[in-house]
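**Student:** Please build the complete structure, drawing on both the sequences and the hints.
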Amino acid sequence: MKRRNFLKNAVQASVALPSLINGFSFHAFGNSSPFLQSLLAANTETDHVLVIIQLNGGNDGLNTVIPIQFHANYAAARANIFIPENKALKLTNNNAIGLHPSMTGLRDMYNNGKLKIVQSVGYPQPSFSHFRATDIWMSASDSNNVVNSGWAGRYLNTEYPNFPNGYPNSAMQDPLAIQIGSATSLTLQGPAVSMGMSITNPSNFYNLINGISDTAPNTPAGKELQYIRLVAQQTQQYASVIKDAASKVPTQATYPTANSLADQLKIVARLIKGGLKTRVYMVNYGGFDTHAIQVNNTDTTTGSHANLLKNVSDAIAAFQKDLEFLQIDHRVAGMTFSEFGRRIKSNASIGTDHGTAAPLFIFGKNVLGGTLGNTPNIATNVAVGDNLPFQYDFRSVYATMLANWLCVSETDLSQIMLKNFQTLPLVNTLSCKKAANLAGDILISNYPNPFTSSTVITFKTTGDHTLIQIIDTTGRVVENLVDKVYTAGTYTVVFNAANYPNGVYYARLQNMVNQQVRTMLKVQ
Amino acid sequence: MAASINNSNSTPAPPPLTGLTKYIGIFGEQQIIHLLKRTMFGAAFADVAYFKNKTLPETVDELLTSSLLTPQPPVKEYTVPATTLVPDNNIAAGSTWVNDANTDGTINSLRRSSFKKWWMGVMLKQQRSIQEKMTLFWHNHFATETADVGNAQYIYKHHQLLRLNALGNVKNLTKLVTTDSAMLVYLNGQLNTATAPDENYARELQELFCCGKGPNSLFTEADVKAAARVLTGWRNNASTISSYFDTARHDTTNKQFSAFYNNTIITGRTGANAGEAELTDLINMIFTVPEVAKFICRKLYTWFVYYDIDATVETNIIIPLANLLVTNNYEIKPVLKALLESEHFYDTLSIGCQIKSPVDLVVGGCREFGVKFPASSDYTSSYGMYNYLVNWCSNMQQNIGDPPDVSGWKAYYQAPQFYEIWINSDTLPKRNQYTDTMVVNGYTFNSIKIMYDAAELTKLFTNPSNPDNVVDTMVQYFYRIPLSNNSKLQLKKDILLSGQTSDYYWTDAWITFINNPTNTANATSVKNKLRDLAKYLMNLAEYQLA
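Chains A and B supply the protein sequences, listed in that same order.
Under our numbering, the first residue of the first sequence is numbered 1, with each subsequent residue one higher.
Under our numbering, the first residue of the second sequence is numbered 1, with each subsequent residue one higher.
Take these hints with a grain of salt, some might be off.
Pair ranges (Cβ atoms, derived) [stated by the list, open to error]: (1) B:LYS372 x A:GLY503: 25 to 35 Å; (2) A:GLY489 x B:PRO517: 39 to 49 Å; (3) A:SER143 x B:ASN515: 20 to 30 Å; (4) A:GLY489 x B:ASP100: 44 to 54 Å; (5) A:LYS484 x B:ASN273: 51 to 61 Å; (6) A:ASN420 x B:ASP378: 38 to 48 Å.
Residues of chain B placed beyond 12 Å of chain A at every Cβ, according to the derived structure [claimed, not checked]: (7) THR240; (8) ASP426; (9) ASN432.
Hints in this document: simulated from the structure, not taken from any laboratory.
Bear in mind that the values here come from a model prediction, so they are computed numbers and not experimental data.
Each residue gets a CB set at the ideal place from its N, CA and C atoms; glycine is no exception.
**Tutor:** Set out below in structure tokens:
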């Protein structure tokens, strides 16, 4: 072929992103002994799944769950965007509130007892910054603390403390958590590594399971790229389990089209039904930062916010129907969250600015349907800077889902949530079995745990440089307990925490290419 | 989809048809990044900026200058176990061991380790020169294995021989390597005597170092035997850390070579200079064979451009380069200059087609991220860190100082896969784990941490408050194949904007990060986003290409 032709074909490749990306790349270095393989996978045995739906941008709670009880004041504060009382969707046994008119799907779920509305969820000293508020919701930190891990990541680290060493193994060959999106978020970040993996987007997912490969330029570089991608696909530890799981579900219920949340939830339902033991899924829907033109001024029940809420409602409703169709609805509970609500008073751009507390939804067959909390009280004269106080700390919601849905024990719960939070009546509490043993290779452990002033850390090293750092929840290294060369073997070292405040500490072992983190709790 | 490893679904694109004609196109950022990624380890921001105002010839000339600063030799950073039979207490901690003749097994094991760590450090701190890439090239070419050589002093001496001659005369280098102590051990030269000739080196000299194994390399078994006899008599003296010639062991008869060597007869000599004189004749004889220059140029081409050498490349590139090598009496620089200034080198089809070797991945990555290592005065910490990186490279199947065998690393000769041999189901996850660990956790030794700091790197970009600029620049420096606009937009939104739709959220966060870095919450948020973006980009297959 003439060189000119080559160059014509060789130029721009519309290089697509890969289908799957690990939260943290790992390689099973250690050999799982048959003994270990015979042990149960996780700390706690449960087949429950939690689906977390993030609404990006700060969802306007007051137009989502309309305060019928205070409608006059509400309408006065938001003259240009309020939802008329007679348009709000009525809810069985609750006249105090109504749902946004586009949320017919969620209205039906509420009336069938499968939806819980939790009013005014927030936290003290809330942040009005998207990034900071999102980090707070994901890390479950106090607003004046920076915590470098996510609440679900810490949960997964408690359940699978040896991850990633020795994973995947025959006892747990599936991802611990799956997120749909480019990167695994802070929510899934454990104390040292990300505990989840991501599926880039729905169309990449279908390319993966249908074996459609990406294009590459027609050049030597393109040839090498294709080779590497091939190996990447073969070594993506979870590609095969995901493909297998997907292949076991030939039919699903109907989902709305042109609805990216529905696309994501459809994949989630398929993977759960397909048999993955993955317990946490995270999906994402954005556009809620409605500073301007939140509604159409000719009809406030329509407009950008209305479209978003319709998609959310339709997607969740379709998802729930699919779970019932696939006969897995008893295993799945879902929740929405957004980094903040919006201002009580609307602005001149027919929109709302950043606010504070807002309602969130919990849904599923085993959810205790209804409304938790009072209707947020709207004053007669609302000032531009007024915001809603919170009634429930969002961490209570997390604590409840962990304890009552994922069967986390009390001790573990306080380590994961970093503090004690009350549990709320959100889901049916079901009994959970407790497994005694852990799979994967244990490289570091400590006893006693929890401890009051000191604890003995036991660790295994393959030799050469070995490091044990004690890290607090902000990610700060408070001590380098061990930092030298060892010959291969098992050793102990005492961590004396007498002068440190109570709380969660992570002992991070780094032995050349191996690393592992042990969660420790210092108590009174 | 069951696809085989040899992905021959499509016909591979042939290499470019351009020739050695000088490149006269734009010499801008893209070309500089390409040139630096090939001639150095990684294209560090500062280095690209440095060459931006220079022409291509100026840049190449500078890269072809040997380092003006010779690195300090490796030091004693190890602790000697009490059970060592002959400890090196005469060498103070932090002083060099390279001139200390110690043959104790434990000491040499520690010193071989020390050598590798030191070499890693030299590569990491490389000057703006092709010299370190060439040193590694010669190590791969004149392969030796430290595990077999054993004597760390020999190993260091051999290594310095390669480095100091890296940009010099290949014919002279070949001659010097032949009587180098490490090589005499490795390929049994020191056991090659008149009464018991050992053909090992004589064979590899022809098959691996000079003539190659191609269809035009026609040396015979008799040539191997004859060459072995020429090379009899060389020995090592461990006390003086040098080799010497022993006339008593030398075969003084005439040595007849085949038609491939024009039926040359090398006259057998006697006396103290016999070895040197006959060796000179041998080298001269071998280097008159036209195939030698071509063989060496093919190796250089595979190292710096690509492994696919078909008839067109052979005619348009290899043969002209070989002619250049011969007319310059086997000086390497003119050949490298011609190649690096050629149209062929900058052709689209020559770009991005190399799979990074493990050393390239590790050292290049550290340099591109501007990883700061402790001062050499803190030798314990710095060597500890170099050791970590040596280990990673070894895990990824490139143990510097110890290639798998005398042929060097397979990636540079094993058809049909060549570079693809670096990437398999074991090594690719390790590459990803390496970059993940460096960008997320870093490595701590003696309470000092090294890591790939994405935020510090971003500070060097032209307009980091613009999230598009951040993604574009990172992609431009990490990849040789462009990412589609849609992909870049998704990454910007998902990672830099946390799912928000307005760029100014990033801009505000970045500006606050710069003006108010003590705002920990914001700083953490910004650093984590950049970390996640860098991590993501390094997880993609594109990152493995240079």
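**Student:** For each hint, tell me whether it holds in the structure or not.
**Tutor:** Results for each hint:
The beta-carbon spacing between LYS372 of chain B and GLY503 of chain A, approximately 32 Å, falls within the hinted interval of 25 to 35 Å. Checked against the hint of 39 to 49 Å, the C-beta distance between GLY489 of chain A and PRO517 of chain B comes to roughly 43 Å, which is consistent with it. One distance hint, 20 to 30 Å for the beta-carbon pair SER143 of chain A and ASN515 of chain B, holds here, with the actual separation near 22 Å. Taking the beta carbon of each, GLY489 of chain A and ASP100 of chain B are about 32 Å apart, not inside 44 to 54 Å as hinted.
The supplied range of 51 to 61 Å is met by LYS484 of chain A and ASN273 of chain B, whose beta-carbon atoms lie about 53 Å from each other. The hint said 38 to 48 Å for the Cβ distance between ASN420 of chain A and ASP378 of chain B, and at roughly 45 Å that hint holds. Its beta-carbon lying about 33 Å from the closest one in chain A, THR240 of chain B satisfies the requirement of being farther than 12 Å from that chain. Separation of ASP426 of chain B from chain A is inadequate, the least Cβ-Cβ distance of about 8 Å not exceeding the 12 Å criterion.
ASN432 of chain B, annotated as away from the interface, has a beta carbon of chain A within 12 Å; the closest lies near 3 Å.
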